[in-house]
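Here the protein sequences come in this chain order: A and B. Position in the first sequence (first residue = 1) + 899 = my numbering. Position in the second sequence (first residue = 1) + 863 = my numbering.
These aren't lab readings, by the way, just hints derived from the structure by calculation. A virtual CB, placed ideally from N, CA and C, is assigned to each residue, including glycine. Mixed in with the good hints there might be a few duds.
DSS-like cross-link-like pairs, simulated, lysine-lysine; straight-line CA separation at most 25 Å [claimed, not checked]:
(1) K1008(A) <-> K906(B)
(2) K943(A) <-> K1012(A)
(3) K978(A) <-> K943(A)
(4) K978(A) <-> K906(B)
(5) K906(B) <-> K876(B)
(6) K927(B) <-> K906(B)
(7) K1012(A) <-> K978(A)
(8) K1008(A) <-> K978(A)
(9) K1008(A) <-> K943(A)
(10) K876(B) <-> K927(B)
(11) K1012(A) <-> K906(B)
(12) K906(B) <-> K943(A)
To list a few chain B residues with every Cβ distance to chain A over 10 Å, as calculated [what the hints assert, rightly or not]:
(13) T920
(14) T931
(15) A950
Far from chain A by the CB rule (all over 12 Å, computed), these chain B residues [to be verified]:
(16) P872
(17) V875
(18) S882
(19) S888
(20) G889
(21) S891
(22) Q902
(23) L908
(24) Y916
(25) G918
(26) S923
(27) N939
(28) S942
(29) R944
(30) I966
(31) S982
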Amino acid sequence: DIVMTQSPLSLSVTPGEPASISCRSSQSLLQNNGYNYLDWYVQKPGQSPQLLIYLGSNRASGVPDRFSGSGSGTDFTLKISRVESEDVGVYYCMQALQTPQCTFGQGTKLDIK
Amino acid sequence: QVQLQESGPGLVKPSETLSLTCIVSGGSIGSYYWSWIRQPPGKGLEWIGYVYYNGKTNYSPSLKSRVTMSVDTSRNQFSLRLSSVTAADTAVYYCTRGSGWYIGEMRYWGQGTLVTVSS
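The following block holds chain A by itself, in its conformation from the complex:
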């Protein structure tokens, strides 16, 4: 199975400052079609998870442009250029390559200083 490892597991950020979350997979998520099968989701308090980034770097519709995803193969990063109070929540990476199942990272809890 593909193991997804996130770091850090928690971070506290001052509003207006940047934040970065790392996600590492135990196998490459880059396929021959050039796509990395890696999504990012955020679960805000009391809500269902919501899609932020898909295929490694594509921002989902309605997601502010302060969110960006990068990386390829086994190493990926979610960056928030300027954290806002509404960004509080738990961030998950998920590999969608399967083999044999989709797996999530442990989650990174972001709160505001």
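Chain B: place on chain A using the hints.
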């Protein structure tokens, strides 16, 4: 706007079968991957499996022996059955819609339904 709504019992007895249905509104169930994901209280997300609109399924190996998923295109809904449940199956269960060509890009999620396994 696509909406997903889980329905089913909130309380299931140990050793019995958990049954949930996800009703899809605002869009067709055709040509997409439909997944079930669960979240035990205070813990992270666990993918259970998917059913494709044509009935093809794939399940998490750890749950495969107990899981059955199906799709009903005429009713625009899909279902999850998990047999022989234990307290470890207590979780919020979410249904999701993935992309049309791969399982990810889960743009739509249900609100989630808490299922408690207890006698």
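We went through each hint and held it up to the structure:
no.	hint	verdict
1	K1008(A) <-> K906(B)	12 Å, holds
2	K943(A) <-> K1012(A)	17 Å, holds
3	K978(A) <-> K943(A)	17 Å, holds
4	K978(A) <-> K906(B)	23 Å, holds
5	K906(B) <-> K876(B)	22 Å, holds
6	K927(B) <-> K906(B)	21 Å, holds
7	K1012(A) <-> K978(A)	18 Å, holds
8	K1008(A) <-> K978(A)	14 Å, holds
9	K1008(A) <-> K943(A)	10 Å, holds
10	K876(B) <-> K927(B)	20 Å, holds
11	K1012(A) <-> K906(B)	23 Å, holds
12	K906(B) <-> K943(A)	14 Å, holds
13	T920	12 Å, holds
14	T931	16 Å, holds
15	A950	22 Å, holds
16	P872	20 Å, holds
17	V875	21 Å, holds
18	S882	21 Å, holds
19	S888	16 Å, holds
20	G889	15 Å, holds
21	S891	19 Å, holds
22	Q902	8 Å, violated
23	L908	5 Å, violated
24	Y916	17 Å, holds
25	G918	18 Å, holds
26	S923	5 Å, violated
27	N939	20 Å, holds
28	S942	19 Å, holds
29	R944	18 Å, holds
30	I966	5 Å, violated
31	S982	29 Å, holds
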